[in-house]
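K.L.:
Letter by letter, the chains look like this.
Protein chains: 2
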Amino acid sequence: MEIQKLNTFIELAKSNKIKTLVVAVAQDLHVLQAVEKAVNNSIIKPILVGDKDKITTILNENNININSKSIIDIKDINKAVEKSVELIKEGKGDILMKGSISTGPLLKKVIDKENGLLKGSLLSHIAFFESPYYHKLLSVTDAAMNVSPDLNEKVAIINNAVEAYHKLGIKEPKVAIIASVEVVNPKMEATIHASLLNIMNQRNQIKGCIIDGPLALDNAISKEAATHKGINSKVAGDVDILVTPDINVGNVLYKSLNFIGGADSAAIIMGAQVPIVLTSRADSENTKFMSISLAAAMQ
Amino acid sequence: MEIQKLNTFIELAKSNKIKTLVVAVAQDLHVLQAVEKAVNNSIIKPILVGDKDKITTILNENNININSKSIIDIKDINKAVEKSVELIKEGKGDILMKGSISTGPLLKKVIDKENGLLKGSLLSHIAFFESPYYHKLLSVTDAAMNVSPDLNEKVAIINNAVEAYHKLGIKEPKVAIIASVEVVNPKMEATIHASLLNIMNQRNQIKGCIIDGPLALDNAISKEAATHKGINSKVAGDVDILVTPDINVGNVLYKSLNFIGGADSAAIIMGAQVPIVLTSRADSENTKFMSISLAAAMQ
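Residue numbers (the working numbering), protein chains in the order written: chain X, 110 to 408; chain U, 110 to 408.
Isolated chain X (complex conformation) (with noise of 0.2 Å):
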């Protein structure tokens, strides 16, 4: 199976079992006004923990209609965080989204030890491109989250978006881990990650997807480009996961085809108990919505 386009996303999410959406924080007007569309497109069933007030104005001055019924209202920000993690705890919900509030204060009570969602050793930032110059989605991994992981936490981040394509029905994802050239270098660490990962994969520490690195993004992205350096690469002109070897290569990359490259995107974050959508202020319509289409799509 192979997924070509983001709309993909709402039928994949149509076909599931109607998803609960729970909102941290919901006084926000882009949020409310994306979880609406998704609403409407029988994605998801909404609950909005935040101040009742501030969400009633918000939806009743621009006509945003989603069921009151859906609100919890808690005005304190801290605690309407504390009951939205709580609510997926208890398995009332199945996506986390943010609202009003800083990514930062959300995230520390996902990962909280005692109270927390965390399932594996780390949260990571997924995102989903479709672009006019490939052949089906490409996602790249880590844009936003981790800064400068090591071996280890490169293994945790490839397990977490691995299992973002298995519940999106992919069975075994193509990944390369991308470093500036295709060589080891014993100077730049990205090829000796690379290197080990590949490996890794090899010997089955790492399962579930076909692994190859080190790649150049070309030869990653163009199987012309691959073999004229003489790489013969099951992964090359067909990878589905790019693993970048930091947040900085990441986000340039996340931007470059967001704002430069003519590409649509939509981005979750994994390696809790459920995904989590986190947009930005200067993220699209279209990507916060299709975050969420892609959050209701995994099984």
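Keep in mind that the hints were calculated from the coordinates and are not lab data. A couple of the hints might just be wrong.
Copies of the same chain are indistinguishable here, so a pair counts whether it falls within one copy or spans any two.
Unchecked claim - Straight-line distance between alpha carbons at most 27 Å, and here's what the computed DSS-like set of lysine-lysine pairs gives:
{"#": "1", "residue 1": "218", "residue 2": "201"}
{"#": "2", "residue 1": "338", "residue 2": "146"}
{"#": "3", "residue 1": "338", "residue 2": "163"}
{"#": "4", "residue 1": "332", "residue 2": "316"}
{"#": "5", "residue 1": "192", "residue 2": "178"}
{"#": "6", "residue 1": "245", "residue 2": "276"}
{"#": "7", "residue 1": "222", "residue 2": "188"}
Starting from the known structure of chain X, fit chain U onto it as the hints suggest.
P.N.:
Just chain U now, with coordinates in the frame of chain X:
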């Protein structure tokens, strides 16, 4: 002044006095094809240093029309490189181009302290992109040469790039120092370097350009994205030069634009007494020709 299309390099080159292009170890089909195109466009006069028999055979077998009087017959590869560098040093050539030789051995002769061509403290790579998603040419430095430049090396990289713009007639290029965030984060070296380079520009330690940083790529490219973040900047939305934190970021950005961003590009090495054209086999024909045009466009 603002350059919108790579084709402008051809016009600029034609308006300059015709430049002499010295090709080191010229027995390479793709290089000779690009040289022929540049000759036919009246952009350059070639001197082909290399194995005359091999060069002549390639010219004849592929109907490439370059006057054989332009060949200097030196069979030994090392001596051909030395002769090429010497011609530049003597003022007999205006541009150096790599032929059938690896980059390492060629640049070793270029940076040789006694007989080389190094002008400042280092050589650096600058690539110009014509993207369907940006209103003018955009450049990236350094995607290919300097692995993890320290602060002083970044100053030299910026000076090389700014010199390239000045030689193209653009007096005060706008420079963004890229990081993954737009704020100072002491744990992220890219943001520290960016802040220091920003102040060095304000204090006239780096001249002839307007620097802003740290900026994430979206803030640099898009005024709207910068405004969302409350960034008031002369560079945001109108950047010319993107300076990347390291080669991993530069390389992924270069390849993202070329291979999955719909852009065309031209690239040169700056920092020597003359621009150096290093095309690789994976480059398109157009990139090779445009890189010669870029070098010839410089005053």
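K.L.:
Would you mind marking each hint as holding or not holding in the structure?
P.N.:
Okay, the hints, checked on the actual structure:
When the C-alpha separation of residue 218 and residue 201 is checked against a cutoff of 27 Å, the pair qualifies only within one copy, where the shortest distance is 17 Å, while the shortest distance between copies is 69 Å. In the homo-oligomer, the alpha carbons of residue 338 and residue 146 lie at most 27 Å apart only across protomers (25 Å), although the nearest pairing inside one protomer, at 46 Å, exceeds that limit. In this assembly of identical chains, residue 338 and residue 163 lie within 27 Å of each other by CA distance solely across copies; the values are 24 Å between and 59 Å within a copy. When the C-alpha separation of residue 332 and residue 316 is checked against a cutoff of 27 Å, the pair qualifies only within one copy, where the shortest distance is 24 Å, while the shortest distance between copies is 43 Å.
Taking the shortest alpha-carbon separations for residue 192 and residue 178, only the intra-copy value of 16 Å comes in at or below 27 Å, while the best inter-copy value is 83 Å. Taking the shortest alpha-carbon separations for residue 245 and residue 276, only the intra-copy value of 17 Å comes in at or below 27 Å, while the best inter-copy value is 42 Å. When the C-alpha separation of residue 222 and residue 188 is checked against a cutoff of 27 Å, the pair qualifies only within one copy, where the shortest distance is 17 Å, while the shortest distance between copies is 67 Å.
Violated hints for the displayed structure: none, as all numbered hints are satisfied.
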